[in-house]
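Using the sequences provided together with the hints, build the complete structure.
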Amino acid sequence: MRFEFEVNLKKVHHIEVRKEIKIQKEPSLRRSLILAYQIQELFDNGKATSFKQVATWLHMTYARISQIMNLLLLAPDIQEEILLSDKEAIKDLTEHKIRKIAIESIWQKQKELWKVPAKEV
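One gets the numbering used here by counting positions in the sequence shown from 1 and adding 281 to each.
In case anyone wonders, no lab produced these hints; they're calculated from the structure.
Just so we're clear, the structure is a prediction, and the values are computed from it rather than from any experiment.
Keep in mind that the hints are not guaranteed to be accurate.
Computed list of lysine-lysine pairs in PhoX-like fashion (alpha-carbon distance at most 25 angstroms, straight line) [to be verified]:
hint : residue 1 : residue 2
1    : K390      : K306
2    : K368      : K378
3    : K392      : K368
4    : K368      : K306
5    : K396      : K368
6    : K372      : K390
Put into structure tokens, the structure is as follows:
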């Protein structure tokens with residue numbers, strides 16, 4: 282699964298307030314995963330060379346960028362659910378709550394662990 286996002290930095294300065302409000306209503310986990318894809322695109326296009334460089338641009342720490350990028354290690358099914366699902370459980374999940382899932386290297390185990398946080402919320 283691959284999601285592509287085009288980022289035009291010149292337009293960022295002209296975002297209407299209504300769009301910002303709409304973006305803020307998106308679940309934080311979804312926003313983090315989309316950011317991870319956007320950062321990965323910077324690397325793929327040779328526009329960024331390190332997490333430290335990206336962290337400086339985004340006024341974040343290296344550790345936070347690393348945590349966000351770990352979301353790309355989630356099984357494609359889980360990523361798809363995060364990006365496309367309207368389930369209430371997704372709205373309350375944060376990147377912090379699913380870190381243990383993201384670092385699990387076996388996707389089948391990730392899927393088993395994924396069922397637990399979704400039910401807890």
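Going down the list of hints, with the structure as the test:
The hinted pair formed by K390 and K306 fails the criterion: a straight-line CA distance of about 30 angstroms is larger than 25 angstroms. Note on K368 and K378: the hinted pairing holds, with a Cα-Cα distance of about 16 angstroms set against a maximum of 25 angstroms. Restraint check for K392 and K368: the C-alpha separation of about 17 angstroms stays at or below 25 angstroms, so the hint holds. With a C-alpha separation of about 14 angstroms, the suggested pairing of K368 with K306 holds against the 25 angstroms cut-off.
Among the hinted pairs, K396 with K368 is consistent with the structure: their alpha-carbon atoms are about 13 angstroms apart, no more than 25 angstroms. Among the hinted pairs, K372 with K390 is consistent with the structure: their alpha-carbon atoms are about 23 angstroms apart, no more than 25 angstroms.
Hint compliance for this structure: hint 1 is the single one not met.
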